[in-house]
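Knowing the structure of chain A, use the given hints to seat chains B and C on it.
Chains as they are written, first to last, in this note's numbering: chain A, 12 to 293; chain B, 178 to 455; chain C, -16 to 271.
A few of these clues could be false.
Cut-off 20 Å, straight-line C-alpha distance, at most; resulting in silico cross-link-like pairs (SDA-like, lysine to any residue) [stated by the list, open to error]:
id : chain 1 : residue 1 : chain 2 : residue 2
1  : B       : K359      : A       : L98
2  : C       : K(-11)    : A       : P123
3  : C       : K(-9)     : B       : M356
4  : C       : K(-15)    : B       : Y342
5  : B       : K359      : C       : F(-8)
6  : C       : K(-11)    : B       : R271
7  : B       : K359      : C       : I(-7)
8  : C       : K(-11)    : A       : D119
9  : C       : K(-11)    : A       : R94
10 : C       : K(-15)    : A       : P118
11 : C       : K(-9)     : A       : A124
12 : A       : K154      : B       : R271
13 : C       : K(-15)    : A       : R94
14 : C       : K176      : B       : A189
15 : C       : K(-9)     : A       : P123
16 : A       : K157      : A       : S142
17 : C       : K(-9)     : A       : E99
18 : C       : K(-11)    : A       : D121
19 : C       : K(-15)    : A       : I115
20 : C       : K(-15)    : A       : G155
21 : B       : K359      : A       : E145
22 : B       : K274      : C       : R263
23 : A       : K236      : A       : K249
24 : C       : K(-9)     : A       : G117
25 : C       : K88       : B       : L441
26 : B       : K359      : C       : I(-4)
27 : C       : K(-15)    : A       : G117
28 : B       : K359      : A       : K63
29 : A       : K154      : B       : R353
30 : B       : K274      : C       : S3
31 : A       : K184      : B       : R363
32 : A       : K63       : A       : I115
33 : B       : K274      : C       : K176
34 : C       : K(-15)    : A       : D121
35 : C       : K(-9)     : B       : E272
36 : C       : K(-11)    : A       : A124
37 : A       : K184      : A       : D163
38 : C       : K(-9)     : A       : D121
39 : C       : K(-15)    : B       : L441
By construction, these hints were calculated from the structure, which means they are not laboratory data.
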Amino acid sequence: MSDSEHDNNEIEARARRLMGAMKGQEPAAPLVQPKMVVEHFTASFAGAASLKNISLTINPRERLAIIGPAGSGKTTFLRSLNRLNDLEHGFSLFGRILLDGQDIYGPDVDVPALRRRLGMVYATPAPLPWSIYENLTFGPQLKGAKGRDRLDEIVEAALRGAFLWDEVKDRLKMNATNLSGGQQQRLCLARVLALEPEVLLLDEPCSGLDPVATAKIEAAMAELKAKYSIVLVTNNTKQAARASDRTAFFLMGELIEIGPTSEVFTKPVHGRTNDYITGNFG
Amino acid sequence: MRLSPTTTQRIAVTILWTLAAATIGMLVFIVAFILVQGMPHVTWEFLTQAPRSMGREGGIFPVIVGTLWVAGLAVMIAAPVGVITAIYLTEYTREGKITLVIRFGADCLAGIPSIIFGLFGFVFFVITLGMGFSIIAGALTLALMVLPTIIRTSEEAIRAVPRSYRDVSYGLGATRWDMVTKVVLRSAMPGIGTGIVLSIGRCFSETAAVMLTAGSALRLPTSAFESTRTLALHFFLLAREGISMPKAYATASVLILAILAINLCAYWVMRRFVAKVR
Amino acid sequence: MKEATKDKFISLILLAVAMSAISGLAVITAFIFKEGLPIMFKVGLGKFLFSSDWYPHEGSFGIFPMIIGSLAVTIGAMLIGGSLGLGCAIVLTQFCPPRLAALLKPCIELLAGIPSVVYGFIGVVILVPLIAEHLGGPGLSVLAASVVLGVMVLPTVTSISVDAIQAVPRAYREGSIALGATQWQTTHMVILKAAWSGIVAAIILGMGRAVGETMAVIMVAGNTLDLPGGILDPVRTLTSNIALEMGYAAGEHRQALFATGVTLFVIIMALNILALTVSRRRTRRVGA
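Chain A on its own, in the form it takes in the complex (with noise of 0.2 Å):
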């Protein structure tokens, strides 16, 4: 076993008495804070249940995979996360969802700035048909951020971190649609970055990318994961084997089983989830 993982399965074990201690017993001290915690979280759409009963953390500095089939609730879970969900007619909920502790779905809640703190990330590249440095400012703008300066110097760390700063520093005038589907890919994380969020999340970036275009994204958030947390979704097994470092399996709305990527994979305890990774359904 791994230094890493070593230290996933410690913060897993802890992570669980935290949670046994707060069904209402003496709260132990926490060595690890989770940057979030699912508790209980029922999702449903007029009436109909799409994630029953999901509970979950997620840790600092660590990158969670979440693999199922189609329609088992992944993509419902993570705009659940960001209260994109909202946006959706006949949504209700049931449980919590805390971020460094605070309830997200409280009543006091500033939704925008709660966006800003969770960056999303789509399946389809999703550049606003402005120009790149338009497109890296939006965000910051809305936050408040003024001046030519600042603004230069939001755009390039935020092109750096997403490995995107050396191929079109010099053009950042030009339209984002011009630029290819990896590279909209990467702009499209570099947006996100400009907030500065604290969570990362990522719905199958890397669907419609070749190869390349996808060790590209998956470097990235290999660098990414020493400033924030990552929720991946994804539909490739594999992708989640080598990108991840814990990996929760969703299906049909329930969580079957989450931890360690290297146990889930090697040696998974649910006879479901073996069957979805060994490729015998879904």
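Positioned in the frame of chain A, the structure of chains B and C alone reads:
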């Protein structure tokens, strides 16, 4: 007698192209006919002087001013109201019975003839509200007339903006109003702009509704409560009353050129900005 | 202020503006009916619609000749404008190279921008004498009005038909050509059949516009009060009736003109609803 398919094709194509050519020919003929007869009389004096003896002599300056006032005011009223209504219908409510009813109502009202708007404007603005024959009565009536069109074209332009832009904006921490003004409207502007420009053109062409609300005074208007005459109405009266054929042709030339300019403006805006946005 | 509250506030302001726009338009409808309906019932609905006696001074209000006039002129307009418009639509979509089409389409739309008074004028100055000389009669006639209106509604018919034809899936066309059909056979046997309800909607909407046209008709139709006997006879339409007499009408006469407006309104509403039903039926079928 059974014709081979190729022969039928040739006959059909010939007929069709003749029809199309006839149509284009008519357009060219109409425009040329007016311009050829009228342009010689469109002089700088014509455009800047006041008319004398009911338009038989002199120019059409007050009429130009009156037209600009009425059309301009109408669009200044209708455009914001129409665009805001379109924004509300697309971004602030869900598709449901109410929006369907509103849209159906707007569609139907878009088909109501201008004479009915004129009727309404006459009795409501001119008489009941006591505005008399005036620019403001004309402008309000025309505003109501072009409002459904502006709502419809703005709605279509806003709907054409891809859904992903909205998701992305929210994801970056935008409020709904931010998203609408900074992202959606920015992309929908060319379509909205075209609708507004074309509405200006419609106001220029309108005669029946204007006749019954703005009146037909030939003085230079100094306030919005005075009566005035528009280019289209002036042309109609000159021609029908037989006052002066040359002046009539000249007025029509100015009118047609203005409308052509407006339409070309709309196309230019559409082509130039739609290409960029896509 | 909390974001949710701010959003609600903006939402309410926008709703207020939207409601005033819609209610403004609703007020017009209510107004026309309020002014026009009472006299229709006073005179008697049947008598109003079917009597030919329009003598305002004597309190006699029958608009039958105007209804026939509008009907005749509109049907004539659709025969001319419908066939020309459809022909142009077919040429634009099926037989025209794209560059030429990009040039022709704006030209046809420019036709829509020409003011109705100009059409009427050209009609009076060129068409009417032509008819009088070669076909007889005073020239100011149903025929003249039909031709002028036909050209005026042409762009409407063309652009809606173009939309309908372009909505036909490419696969239909390609399938037909692959089976060895000529372009014309493909057009009339496959594409037109598929686009038919959209084309019918275009024609109905064109009819709505023709019925509503006022100024051009006043200039070329003759405006007499008699029932037209043939296409060379002069005629008065519902719209001309209103426009010609509104300026000096008072009391019951004015109410009768509003009632004419109500009739017009109802006819156009019916046409619009018909057009919407027809095109909706098509969407349902194609989708299935």
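Structure-based check of all given hints:
1. B/K359 <-> A/L98: 19 Å, holds
2. C/K(-11) <-> A/P123: 12 Å, holds
3. C/K(-9) <-> B/M356: 15 Å, holds
4. C/K(-15) <-> B/Y342: With Cα atoms ~24 Å apart, C/K(-15) and B/Y342 exceed 20 Å; violated.
5. B/K359 <-> C/F(-8): Given pair B/K359, C/F(-8) holds - Cα atoms ~19 Å apart, limit 20 Å.
6. C/K(-11) <-> B/R271: 19 Å, holds
7. B/K359 <-> C/I(-7): Given that 20 Å is the threshold and the Cα spacing comes to 15 Å, the pair holds.
8. C/K(-11) <-> A/D119: At roughly 13 Å apart (the allowed maximum being 20 Å), A/D119 and C/K(-11) satisfy the hint.
9. C/K(-11) <-> A/R94: Answer holds: C/K(-11) to A/R94 is near 18 Å, not above 20 Å.
10. C/K(-15) <-> A/P118: 10 Å, holds
11. C/K(-9) <-> A/A124: 18 Å, holds
12. A/K154 <-> B/R271: 28 Å, violated
13. C/K(-15) <-> A/R94: Distance of about 16 Å is within 20 Å: holds.
14. C/K176 <-> B/A189: This hinted pair holds, its Cα atoms lying about 17 Å apart.
15. C/K(-9) <-> A/P123: Holds, because 15 Å separates the two Cα atoms, which is no more than 20 Å.
16. A/K157 <-> A/S142: 18 Å, holds
17. C/K(-9) <-> A/E99: 17 Å, holds
18. C/K(-11) <-> A/D121: It holds: about 12 Å lies between the C-alpha atoms, which stays within 20 Å.
19. C/K(-15) <-> A/I115: 15 Å, holds
20. C/K(-15) <-> A/G155: 17 Å, holds
21. B/K359 <-> A/E145: 12 Å, holds
22. B/K274 <-> C/R263: 16 Å, holds
23. A/K236 <-> A/K249: 19 Å, holds
24. C/K(-9) <-> A/G117: 18 Å, holds
25. C/K88 <-> B/L441: 13 Å, holds
26. B/K359 <-> C/I(-4): 19 Å, holds
27. C/K(-15) <-> A/G117: 13 Å, holds
28. B/K359 <-> A/K63: Cα-Cα ~37 Å, so violated.
29. A/K154 <-> B/R353: 14 Å, holds
30. B/K274 <-> C/S3: 19 Å, holds
31. A/K184 <-> B/R363: 17 Å, holds
32. A/K63 <-> A/I115: 18 Å, holds
33. B/K274 <-> C/K176: Violated: B/K274 and C/K176 sit about 32 Å apart, past 20 Å.
34. C/K(-15) <-> A/D121: 7 Å, holds
35. C/K(-9) <-> B/E272: The hint holds at about 18 Å.
36. C/K(-11) <-> A/A124: Since the Cα atoms of C/K(-11) and A/A124 sit roughly 15 Å apart, the hinted pair holds (cutoff 20 Å).
37. A/K184 <-> A/D163: 12 Å, holds
38. C/K(-9) <-> A/D121: Measuring from Cα to Cα gives roughly 15 Å; hence the hint holds.
39. C/K(-15) <-> B/L441: The hint is violated at about 46 Å.
Comparing the model with each numbered hint stated earlier shows that hints 4, 12, 28, 33 and 39 do not hold.
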